[in-house]
Structures are given as structure tokens and as C-alpha cells.
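*Asks:* Sequences listed follow chains A and B, in order.
Per full-length UniProt numbering, the very first residue in the first sequence carries number 1; after that it's consecutive.
Per full-length UniProt numbering, the very first residue in the second sequence carries number 1; after that it's consecutive.
Hints are computed from structural coordinates only; laboratory data are not their basis.
Treat the hints loosely; a few may be bogus.
Quick list of in silico lysine-lysine cross-link-like pairs, DSBU-like style, CA-CA up to 30 Å [said to hold, decoys possible]:
#, chain 1, residue 1, chain 2, residue 2
1, B, K199, A, K210
2, B, K322, A, K167
3, B, K236, B, K19
4, A, K19, A, K140
Since this is a predicted model, take the numbers as computed values, not measurements.
2 protein chains.
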Amino acid sequence: MNLHPDYLLNDINEPQDLKQLNLAQLQQLATEMRQLVLERDSAIGGHVGPNLGIMEVTLAFHYVFDSPHDKVIWDVSHQSYPHKMLTGRKLGFLDPDHYGDVTGFTAPEESDHDFFEIGHTSTSVALAVGMAQARDMRGKQENLVAVIGDGSLSGGLAFEGLNNAAKLHSNLILVVNDNQNSIASNQGGLYEGLAELRKTAGQSANNLFKFMGLDYRYVADGNDLATMIETFRAVKDIDHPIVLHVVTQKGAGYAPAEAAPERYHWRAPFDLTSGEDRQAAPQESYSAAIIDELLQQVEAGVPIAAITAGIPGAFDLHRFEKQYPAHYFDVGIAEQMSVTSAVAMAQAGIRPVVFESSTFLQRAYDQLVHDMALNSVPVVMIVRGGTISAGSATHQGSFDISYLSSLPNIEYLAPTSVEEMLSMLRWAIAQTEVPVVIRQPEKAVLHRPATQTDYSNIDYEIAHQGSEVAVMAVGDFWTLGEEVVAQLKRKLNIDASLINPKSLTNIDREDLHYLQEQHDLVVTLEDGNLSGGFGEMIARYFGATNIKTLNFGAPREFADNVPTEVLAEWYHLTPEQIVDDIERVLHSM
Amino acid sequence: MNLHPDYLLNDINEPQDLKQLNLAQLQQLATEMRQLVLERDSAIGGHVGPNLGIMEVTLAFHYVFDSPHDKVIWDVSHQSYPHKMLTGRKLGFLDPDHYGDVTGFTAPEESDHDFFEIGHTSTSVALAVGMAQARDMRGKQENLVAVIGDGSLSGGLAFEGLNNAAKLHSNLILVVNDNQNSIASNQGGLYEGLAELRKTAGQSANNLFKFMGLDYRYVADGNDLATMIETFRAVKDIDHPIVLHVVTQKGAGYAPAEAAPERYHWRAPFDLTSGEDRQAAPQESYSAAIIDELLQQVEAGVPIAAITAGIPGAFDLHRFEKQYPAHYFDVGIAEQMSVTSAVAMAQAGIRPVVFESSTFLQRAYDQLVHDMALNSVPVVMIVRGGTISAGSATHQGSFDISYLSSLPNIEYLAPTSVEEMLSMLRWAIAQTEVPVVIRQPEKAVLHRPATQTDYSNIDYEIAHQGSEVAVMAVGDFWTLGEEVVAQLKRKLNIDASLINPKSLTNIDREDLHYLQEQHDLVVTLEDGNLSGGFGEMIARYFGATNIKTLNFGAPREFADNVPTEVLAEWYHLTPEQIVDDIERVLHSM
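Bound conformation, chain A alone (with noise of 0.2 Å):
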């Protein structure tokens, strides 16, 4: 039911529709887009304080341009729902019925004001780049729009998209939108450069943006309308690119977020009044657990260096950077220069430990090949989000396993429980030959204990000694193990054996050996992509042997916001789909 029949935003259909208000009637939906903002985000979740920021840079622009014959590319996306309620999607925020029609970024499929389904950060220079480019190339005119965080600008594809910006003898307007935010606090010299910016009302001389060519503009307050609609139209149709540089308040028009912008930059749902999670956080987790592993290791004196791109939040890394500031370093938003400088401090004597997530990971590939697997120094890192899972495809966390298995040298760990996590933690610390990958399991803390103290030789946890099936459950999936053995027994009366095989890179040989003499067919259960995954190297090692294998994870395919359940009964991986499967082997053989 739509909440707000009242609303003015009620009759915005599309952009046009805003230009017969005035500047009260468009200040009047501002205030109706907040406040929809807030209801939204606190019932389901979602990004907070970059959508309240942006609300009088989306009016202006859809006041004074064309979309979409005109333009913009949000970088990240996560501040788009303004710009979503005045392309037609409104229902998606009235009425709660409908916010799952709508997603969280921008999306081709929605809507034709939307180009790119983007989550990621420092994209969106370069895509307006490319989209001049190909406007120049066919002899358009059109205006092109980007909007940049300066949060997001500490990431390296930023700055080539400036760099090449500055290329173009056309019409391209790059919006800096400073919110003096990134995720968690900027981080670097560019701050500095940009902090005088501000001082000087962009005077100073001493301009990053003038420095690479670009032309550029100041704009004191973006959330003073007015202001934006007179800048929109002053660059409108400009014939070459330029910088606004648009001073906004992260969270703007709702004091609990301007008050705690990394509180608020995402938001779990919550309630609006209290400003309480609605969910209570669980009692213990895996990131608290390696923290306080971490905690007592500097304390005894391990030179520890606890290494996050921008995302402390998720790891409870504040906790850490409390006790030992000297001890921890946050990169900003980049990932490449999280793992390069790791492995330097790993070659230099200290023990860093890189925190990442699966999908951001994927932005420090050729860093994770070429400066840690070739150089082979004792980096730890600890990956989250290496799940199949709900959620955006835009950070689909499925890849890693691929990209990260296959690459020399490097050991990548997949414990099942917490008292696994901290043995492969307390090793990978103390060993000094290798990097070492923990990916951190995402589902309910369980508890386990470790069957190896030194997994330099993987030693196969055989949790249960069976015959005819060998079922080989993988980190997360190891409750998933558990009960695809159990229902085996039940079900075919077979005593299947359970292995828990610890290691996403290397074999137990002995063990396969092992599994060879008394199964006829081993099955892999991962939480991750099949393609490059854990099951086919476990197919390649048996393909040449009697013994046949059936792997289960997911497709080569993007899921974009499809419950954790549905992905399951898509993929074959419930217990039962599984079992059934495997009694079809079973009675082909």
C-alpha cells in the first residue's frame, strides 16, 4: 500500500514532470525523497547517508537535463534511489509492497535512464569516458554526466579515468560529489589537496583537476537546490570536460546519520526511532573471534599489521585499530595498494593480515598474482563474503575459489568453525613461507576443533569413515555435509563418509588415495562458483580413475537479489536435490 498518497512525488512519472514546479514544490520532494529514503532503508535495509547527500544534485540534474537523452553515470550506484523515485520507480519506495521491484543500484533492466548495473566503486569516470567517446564517435550531442564520491577517487580507476577524461575535446561533466566520507574515513594525501580546495572556495592554485587538464568549478553547497539547478545550467551543453566540484553533507536532513556517517553510510534495517538495529547482533562472530586472536598476538609481541581497503566496519576492525593505531592501516578505497603494500611489509619482517571481501578482492587480482603468489612472501588474508548468497550481483562473492585456487604458491584455507579458523589464523602467522588465504565462513559461528596444528602438509580431516560415497563438504558447507550423509544413510541406506577437505589449493594425496580404494563416487559440496572451483580440481585428480565424482556450488551465472533458498533449489543444493542426484549416479553405474 502506498504510505503517502499525499506526496507530491505522486505525480512524477518521469523526469519531465519536473519541469513545471517551482523551487518550493521541488524543495517540497526533497523532503518527501528523505524521508522515503529513511523508511525504506530502515525496513529493509540499504544505503543511508549517500542517498539523503545526493538529493538536491539528482533534482537539479533532472531538472535541468534530459535524461535520457542526457546522461548520468552514479559511481557505486549505492546513491541512486533519489534518482530512481524521479525515473518512474517511485512505487519502489512508497509503498513497501513494491521495494522489492526495485533494486539498491542502478539497473539497464528497470529503466532507461539507468546504463550500468555498478556496485562497485571508481567506475563511473571511466564510463563516461567511454560513453563520450562512443557519442563523439556517432556525432551526438548529448550531455554526459558522471558523479564521483571523493571517497571513491582513492581508487586507482579513478584517476585513469581523469587521466583520460581530460583526452576529450567534448562535452563531459564529472561531478566530485565531497562529502568529506568515504565508507569509513578518507584516507590519504588527496584529502589534503581537496580539504584546501574547500578552504580556498576552490581558489587554491594548487588544483588536482586543473593539474590534469580539466576544466573546473566550485560549488560550496550541493544541498542548497537553488545553487545546484544555477551550476547544471551554467555547465549545460559545455563543450569540453569539467570538474564540479560540489561540497555535500553526507546523510544531509537527518541528524542521527550527519552525526555517524560510517553508521549510516549501510544500513541492516532499523528502527526509525530509536535508530536500533532490528535485529539484535550475534552473540559471537568469526570477525570478532580473529580480532581478539590478533589483539593477544601483538600483545605478545608479534609485529602484526592489520591491513583494510576502506571496509573496517566489516571485520570489527575498529575494535583493533583502538588498542594498536600503530598497528593498523586502512589504505582508503584500494584494494591494489592493500595487498601491494602487504606484501612489502611481509618482505620487510612484519606479519600482516589483509582483510578483504571476495568482491572487492577481485579489484587486486593481478596484485594477488604478480606481487604476492610470485613473490610467495608470508601474507595472511582473511576473505569474507566467499558465499553463494542473496544480495546484489554487483557483489557477488562466488569468484574467489577461482581466482584465487589457481594461482602458485598461495594456500587457501576453508575452515568449518571458529576453532579451525583461529589454528589455520595461528599458523599462517607463525609459518613464513608461503601467503596464506583464510576465507572466513559467512553462516552461523560453529564449533569444531581443528585436527591439525601445521597445515604446511594438508592433512584430511575424515570426520566420518564410510564406504561407497565419500561426501568432501567444504568450509561453510560443512553443515551441509553433515546432513547430505545423514539423509544418505536414511534415505539409500548407504554409510557414506564425510571429509572435511581444508584446503581450496592443495590435496591429501594419501587421503584421495585412500577414498579411491573404498568409494565409488566422491562428492564436493562448495559455497562458491563450480567454474576453476574446488570440484573440478578434485574431478581433474580422479578423471583418469574408476572412481567418478558429482560436484555441487553454483552455475557460471550472475544472481541478482534471489534469496539464499531459492539460489539453493536453483542450484541442486539442498540436501535432498543432492541426495536424489546422487542416487542416479548411483544406479547408472
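Fit chain B to the given chain A structure using the hints.
*Replies:* The following block gives chain B in isolation, referenced to the frame of chain A:
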């Protein structure tokens, strides 16, 4: 035999030995070392211009500082020959019999004066920052010097490094070696800013480095030894990060290299007198065939854009640029930019063809995932150097099948001949559904007709229909496949089938079903890493069937300057070894 027993260099066993020399002697060393660079490169190939240009910086560094207590980190490290000559490895340049003892890049296993094995650009600042952070945590005092070329600055990681360098409150000396060149010409607005700094002798108020909070000092002639010594003396033991903007001449001291910096960036063996290549270029090449096709298509009105990230020479692209400059885009050394801007161009109706090398494309992995695959726009991409081959481990090009074939939506094609490659290219450009990547063969040009024109459904080419054993030979390994089939007939009297699978991502289920019925063993041959490769995809497919699989390719390891024939022996990739392995499997059945 030492060709120059009379050289002063013979007395230099370690940098310490320089300290006694006077300026004239140091200059004599520079002259000798230039000659040695030319002799070695002309004999065995190597980087020319970078090493000639950096001579005085290197001599001054080792004269002023105390390596390895003080440390120099070379970006790309292709300019490290003079450094190697001064740090105990002179014989690798004086004596042709010892050329093979010393690699073309820094190598920690060669010397304590090298800290990383490096061959990709833009890493040195990030590495030096990591070293500095480690040094500070350990309470040590040492000078850390990173040397980065202006060409390397266009890569995002360089910017991420500079941004974080500014956070240090301790010694860090960043030498920006401004030789006004990249591998090819510099690209982007950044170089306007650097030009303005050169024009004003570093006095311009607009200064990228100062903008980011870094101290700055300009050096007009970095090929003047006295100046460089004085400069390093002035900043030795400095207590904060400083950029030394040092202007040098690429190829300094050798007129042909000064005159043609791109040609002399890296050269295959050449005649020092005539300047001509020792080995004539082959009559025909895959690259030339691609450019011919693109020229025809542009001529016919197809809106092609050819895109390179700074390596046009590797793809015959200068010929395209000359004819259609408006269709040609060199983004500089900025692989992320090359992919993301291509995605935008494809979205906007242009047909971008992106030219990448297997090893450098690693630097755009997230752009392949999050921009290209997720948005599934019709980018066409040519990948060179995807092969198991001799050469530096820093440029190992055997990972592309793993990192590309595991991604959704992408079609990764491996042609076996020039005709098949062009047929694939024509389809890739004509279709608008998916990103298509074509793995350009690296072996001698092969002529075989294509067996399909529309690759939206892969139809395996069954070149020979036999039984018992089926050999699937991918791309460049086609000839190997033919040899294996011939030897199977000759040695084992097996009439093996020979299949060209064409695609590294999609399978022909119908033909695989046929294979299953008529054969006991499927053998895969791929010119790349086995982990996450083509063979594993086939092994998984057949895992639960009665058919056995055997995969040939490279193991999960780096190989540094190992001749291809030796690698083939190591990896069981000779026809004899493959046939032996097949025989063993058949006997065990």
C-alpha cells in the same frame, strides 16, 4: 669470456667499491655500462631505452646511499640492468657466457640488493610505502627509494601508492623518472601537468605531488651525474616523503634509441651496427590479419573502436591508428580503464575491440567481472600471450583461461588457425549479446578453414572421427593434438578422434554425448594452467560418467626463463609423454 677485461667495472664487486671513485671514473663507468646494455640486448634481446636513461640515477644512488641497508625499489624493474652491474652481477653483462645467469628484472634470489620479483608497472610506490611502514614499525632507520617512470604513473596503483605515501611521517624518496615516454607515447591529462612542471623548472604552483601533501624537488637533468649525486645527498636521511621529479632521456647516450624510443623500449636481438633485427619478422602474423579485418570493417562503415592500454606495438595497431585515428584509443598503461571504457562504448552502440596481453589483463580482473561480464555488453577482446612459454615469470601468460573462463556471460574462444580466428572475430563484432574474448594464437600461423560462422552455439569440430580415445586440442595446441593422434595410431594402433573445442567457456553437449558413447578416454590439451582451466571443465562434465579424462597443461607454478621445450618436458607436454600417459591409463582400465 669477459669481452671487456679492461673495464673499470671489473673492479666493482659491490656498491661500496664505488665510494672511492671520482666523478670522472664514475662517468667512465656510465659509458662502459651503456656499452654493456647495448651488447647484451643486441645479443639476447632486452630493454634498451629504460636502462640507458637510468644510468646516472643508478650510479648516484649507489654512490650516495648504502645498499642494501638503504633500499631502492625499481618500478617494472626493466631498468635494473645498471643496478645489477653494480651489485655483484657484472659478469651477466660482461661475459656472453653468463648472460643467462642474470634475468631482466629484479630478483631477490640473485642478490640481497633486490627485494621483489617485478615486471608489471605502477607497483613501486605501493611497495616502498609498505617497506616504510614495516621499517617504522620495527623502529629502524633506512633510506627507501622508489624509482617510477612517468609512463607508469598512468596506472591506478601508482596513484593509490602516492595517496598513501603522503600519510607517512618518515623517510621515503620517490624518484619520478620523467623521460616523457611510456612504452609507447604517454597518454592523458597527467602529462600536461608534468609538462608544465618541466616548463617552469618545477616552480608551477599547480603540482600533483604537492596537492597530495608530498614534498617535491625538481631535477632538470637526471642524466648529469654530478647533479644526481648532489640531489641524493641533499635528501639522504630526510624525515618525510619527498618526490624527486627527475627529467631523463630515454635511451640516453645511444642516438638510435634516443630517436626512436618506442622501438628501443624493448628489442629482440638486433645488429648493433645496422640497428636491424637479427631475425626477420615472419611473413604473416595473426596480429596483421586482425588489423586487416578491422580496417576492412571500418571501411565498410562498422563503428569499430580499437583500444589498447599502452601496448599498440604488440598488436600492429600503429597501422590501424594511422589509417583511422578517430577509431583508435590508447588509454595509456591503464588496463582497468581500457576495459571499463570499452564496456561503456559497447553500451552506447560502438563496437569496441580491446587488445590485451594475458599477463597485463590480470590488472583489469574486476573490470572483467563487474563491468564487462555483469553488464554483458558486446565488447570484443583480443588476448595475446596466453601460452606456456619461456620468458620471465613476471609476465607468465598462462592464467587467462582460469580467470576468464570462470566468469558468467563471457564467451572465450580459442581459434586454431587464422581463418578460424577471423571467422570468430567477424561473428564477435556482428553479434550484440555477449562479451567475446578471442585467444590469439602465438605459434606460427596455421591455415585451416573455419567450420562454423555463428558461434552463439558452439559446434565442436570433429576433425577425425575415431574411437576409444578422443583428443580435445585447444587453440595453439592443435598441432600437438594432431601429433598425439598420429603417434597413437603409429605406436598403439589406436584410431583416436581429434576434436577442436573452439570455446573455453561453453561446451557442445551433443558432441560430448557422442564422445561418451564412442570413447573410453577423453584427453584435453591446453596451452595454459590446468588449475581452473579447460580440462577441469571437461573433467567435471564427465565426472559421473564411465568415460575417463586426462588433462594436459601447466601445473600451478611459476616458471622463470625456462625454455619452452624444457617446460614441455617438465609438464609432460611432448607427444611422446602424452602418448605414454594415455597408454598407462588405458592399461589400468
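*Asks:* Are the hints correct? Go through all of them and say.
*Replies:* Evaluation of the provided hints:
1. The straight-line distance between the Cα atoms of K199 of chain B and K210 of chain A is roughly 16 Å, inside the 30 Å bound, and the hint therefore holds.
2. For the hint pairing K322 of chain B with K167 of chain A, the CA-to-CA distance comes to about 18 Å; that is within 30 Å, so the pair holds.
3. Simply put, K236 of chain B and K19 of chain B have alpha-carbon atoms about 15 Å apart, close enough for the 30 Å limit, and the pair holds.
4. Our distance criterion of 30 Å between C-alpha atoms is met by K19 of chain A and K140 of chain A, whose separation comes to about 24 Å.
Consistency note: the structure conflicts with none of the earlier hints.
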